[in-house]
Amino acid sequence: MKKITLIGSAIMLAAMAVFFALRGCQAPDELPPVKVYRSKTQQVEQLSLEQYVLGTVAAEMPASFELEALKAQAVCARTYALRKMIEGKDYPRGADLSDDITTCQAYVNAEEFAELHPWQNEQLWAKIQQAVDETRGEVILYDNQLIDALYHSTCGGQTESARELYGKEITYLQSVPCEYCRQSKYYLTEHHFTWQQVSRLAGKGQSIQVLAATSSGRIQKIKVNQKAMSGSEFRSAFGLPSTWCTIGYYSQGITITSRGYGHGMGLCQYGAQGMALQGKNYRQILAHYYPKTQLYKLPY
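Using numbering that gives the first Met the number 0, the first residue of the sequence shown is number 0, and each one after it goes up by one.
Quick caveat, the hints were computed from the structure, so don't treat them as lab data. Here the structure is a predicted model, which means the values were calculated and not measured. Any given hint might turn out to be false.
[What the hints assert, rightly or not] Straight-line alpha carbon distances no greater than 35 Å define the calculated DSBU-like cross-link-like pairs of lysine-lysine that follow: (1) Lys-167 to Lys-222; (2) Lys-184 to Lys-226; (3) Lys-220 to Lys-203; (4) Lys-203 to Lys-279; (5) Lys-167 to Lys-88; (6) Lys-34 to Lys-167; (7) Lys-203 to Lys-222; (8) Lys-39 to Lys-83; (9) Lys-126 to Lys-291; (10) Lys-279 to Lys-184; (11) Lys-291 to Lys-34; (12) Lys-88 to Lys-126; (13) Lys-83 to Lys-296; (14) Lys-220 to Lys-83; (15) Lys-296 to Lys-279; (16) Lys-83 to Lys-126; (17) Lys-296 to Lys-226; (18) Lys-203 to Lys-226; (19) Lys-291 to Lys-88; (20) Lys-126 to Lys-279; (21) Lys-220 to Lys-296; (22) Lys-126 to Lys-184; (23) Lys-203 to Lys-291; (24) Lys-184 to Lys-39; (25) Lys-88 to Lys-203; (26) Lys-279 to Lys-83; (27) Lys-88 to Lys-220; (28) Lys-34 to Lys-83.
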């Protein structure tokens, strides 16, 4: 068994050992293969955990990002996957995980990545491989448990707390300031809708009222004409990148100014890139977006 080089937890290791033993692993440093349901082919792809993390980082974060940002993403992806596996979510065909981003994480294999990056495939794949190798086995813990390592593209200047979005207090999913994601094209965007378009989406009328919002400004409840919606429903109906919106009016309709892209909780990927460009390492990046957590290296 390899020496644990980061903060460890005997409780966590014992829990992991029980979980893997139930899956037929005899040695303490042995991990079971990961079965990933591929939504396009409706088949299950079987591979090692580290191979899965490689494919997830390749799918979830731009390969052009700095190495330290990619390393932070690798630790998040590994943590997220193991937590899902231990929770035992029911995926199709008996799979442990899925590439459906509505229920799990994105994933691409080497061949699919090559199709997406025909000109720099080998160089970029090697860079992602380095990020995975240099964080091999590392996961994020809070209170001796794997965290729910949520992440998103761009927070727009402030991440969101689980308490405000879901009504659940989670110590490591607090709202933190982020001055690092300004380079994202989604940092601030404008979207224009005529009243005719608004009526098609939410019924006739010319009235919009935000009923509830988080302290950062993300919409929780809104009434558009006579239709009440949650923030997520509003975002989906109007095709917005996030629920952090302000609404202005012009003669023919409305202008929605949106900040960020995604739910806003946990790691901001473009923020991670911004921090890496400023010389921060992946440990510092993860500590910023997941306060009061610890890194732990699994012994495999």
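Evaluation of the provided hints:
1. Lys-167 to Lys-222: The hint holds at about 24 Å.
2. Lys-184 to Lys-226: With a Cα-Cα distance of about 30 Å, the restraint between Lys-184 and Lys-226 holds, given a limit of 35 Å.
3. Lys-220 to Lys-203: With Cα atoms ~19 Å apart, Lys-220 and Lys-203 stay inside 35 Å; holds.
4. Lys-203 to Lys-279: Since the Cα atoms of Lys-203 and Lys-279 sit roughly 51 Å apart, the hinted pair is violated (cutoff 35 Å).
5. Lys-167 to Lys-88: Cα-Cα ~21 Å, so holds.
6. Lys-34 to Lys-167: Cα-Cα ~31 Å, so holds.
7. Lys-203 to Lys-222: holds, 12 Å
8. Lys-39 to Lys-83: holds, 21 Å
9. Lys-126 to Lys-291: holds, 29 Å
10. Lys-279 to Lys-184: holds, 22 Å
11. Lys-291 to Lys-34: holds, 32 Å
12. Lys-88 to Lys-126: holds, 31 Å
13. Lys-83 to Lys-296: Roughly 18 Å separates the two Cα atoms, so the pair holds.
14. Lys-220 to Lys-83: Judged against 35 Å, a Cα distance of about 29 Å means the pair holds.
15. Lys-296 to Lys-279: holds, 20 Å
16. Lys-83 to Lys-126: This hinted pair holds, its Cα atoms lying about 26 Å apart.
17. Lys-296 to Lys-226: violated, 49 Å
18. Lys-203 to Lys-226: Within the cut-off at roughly 9 Å; holds.
19. Lys-291 to Lys-88: holds, 27 Å
20. Lys-126 to Lys-279: holds, 18 Å
21. Lys-220 to Lys-296: Not OK: Lys-220 and Lys-296 at ~41 Å, beyond 35 Å, violated.
22. Lys-126 to Lys-184: Holds: Lys-126 and Lys-184 sit about 24 Å apart, inside 35 Å.
23. Lys-203 to Lys-291: violated, 48 Å
24. Lys-184 to Lys-39: Given pair Lys-184, Lys-39 holds - Cα atoms ~29 Å apart, limit 35 Å.
25. Lys-88 to Lys-203: violated, 41 Å
26. Lys-279 to Lys-83: Within the cut-off at roughly 29 Å; holds.
27. Lys-88 to Lys-220: Answer holds: Lys-88 to Lys-220 is near 29 Å, not above 35 Å.
28. Lys-34 to Lys-83: holds, 12 Å
In the structure shown, a violation is registered for the earlier hints numbered 4, 17, 21, 23, 25, in ascending order.
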